[in-house]
Structures are given as C-alpha cells and as structure tokens.
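Residues in the sequence shown are numbered from 0 upward in steps of one, following numbering that gives the first Met the number 0.
There may be inaccurate statements among the hints.
Unchecked claim - What follows is a set of in silico ranges between Cβ atoms, one per label pair, in the way DEER data are often shown:
no., residue 1, residue 2, range
1, Ala47, Ala17, 19 to 27 Å
2, Arg13, Gly128, 36 to 44 Å
3, Asp112, Glu4, 42 to 50 Å
4, Asp83, Glu56, 20 to 28 Å
Read the hints as simulated data drawn from the structure, not as lab findings.
Because the structure is a prediction, the values reported are computed rather than measured.
For each residue, glycine too, the CB sits at the ideal point set by N, CA and C.
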Amino acid sequence: MEIAENTVVTLRYRIDDAQGENLDPGSEPLVYLHGCGDFFEKIEERLAGQLAGFESEFHLEPEDAFGDYDAELLRVVPRAELPDELEPGMQFEGVPADGEDVGDEPLLWRVTDLTDEVAVLDGNHPLAGLALRVWVRVDDVRPATEEEIEQGHVSNEEALFRVVDRSVDDDDGFEESDDGNDPELDRELDRRGGTLH
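Whole structure, please, built from the sequences with the hints as guidance.
In structure tokens form, the structure reads like this:
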C-alpha cells in the first residue's frame, strides 16, 4: 500500500544534528497519521507515494523542523512562585507570560537554570534553532480507521513513540516510557494535537 492521506505509517527514525551527533536514536517506531501534520511536513511530502521498505535521509533547516530559537520565550521567574520539587530539565505548563501573548496554545516550559531565588524557563523546543539530519525507514502502511481520521491522529495505545524533546539528553530530567501510558507524554501529545512536530 502506498503512503497517502489518511494512511497510518509506521517508521523507524533517527535524528542527528548537522554535525552528525545523535539527538534521538528513535528506539521505538513512530506511528503517525499521514496528511495530518503529525510528522515533519517536508518529510511527509517526500514519503507520499512510497511503500513499506522505503528508506531515506533528509536535511531539515530549523524552519522545517522545530523552528528558529525565540529569545522572547525565555522567562526569569521568582523561585517562590514555582513548585518546591523543581529541578533543571523538568517541564511543565502554566508559567506567567509577563503580560505578553505567547500564542493560542499553552507552552511547555523547560527549567534551564535554577537558584534559590529564581528559575530560568525556556518555552522553546529543545531542538529549536537546529538544522537536523533525519533518517527514516518505512516499516508498514495501512488504511486509517474512521476513528483515527475523525480524531486526526493515531490512538496513543498504538503510537508507542517518544516525543523528540524528551530524548535529547537523559540527564535533563526527562523520563522515557515505553508502556504507552505516560501522563507526561499524553499531555505533550495533547498540547501538540497528537503530533511530533
């Protein structure tokens, strides 16, 4: 079966930076609904019409991947306004935006620095501003169910994949889960509408 709109694609992937340093080994397959923006648009366009077994490597500029780095998405927040158990690398929603409109979606903020008085929070994706090399191999293609088409994404039970920003550095406080029942992953998927981009 060819990859087309409203097909469910299972693929293996690996993401490196432009210098070849691995950022995400893609330990688990990515399962996504083609044509709904669930994967990088530039790669989805190239995958259209391909069959299981197709393999290729792509170079993505920041605007085709996780966007340019936006310094306006840095915040310095008084430590007293945040939970006690906060540690560098942790992520959460609901940070005051200093009266600025940061868009319609709630941002996922990452703690990049922490002192007794303040926390430095970054609303950028950890890979924002980076050019990427993405290798993919298509393992399977099947028609999407009516429910998947209606929802606009594959169910979390089947999509046992890790969100890229949780695998940048194991020491950043991100925990991986491969049981498909990860509340943090579910929140991130909801925030992104079930997408990886």
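For each hint, the structure was consulted:
For the pair Ala47 and Ala17, the supplied restraint of 19 to 27 Å holds, since their beta-carbon distance comes to about 25 Å. Against the hinted window of 36 to 44 Å, the Cβ-Cβ separation of Arg13 and Gly128 comes to about 20 Å, which falls outside the hint. A hinted range of 42 to 50 Å for the beta carbons of Asp112 and Glu4 is consistent with their spacing of about 43 Å. The hint said 20 to 28 Å for the Cβ distance between Asp83 and Glu56, and at roughly 45 Å that hint is violated.
Checked against the numbered hints above, the structure violates hints 2, 4; every other hint is satisfied.
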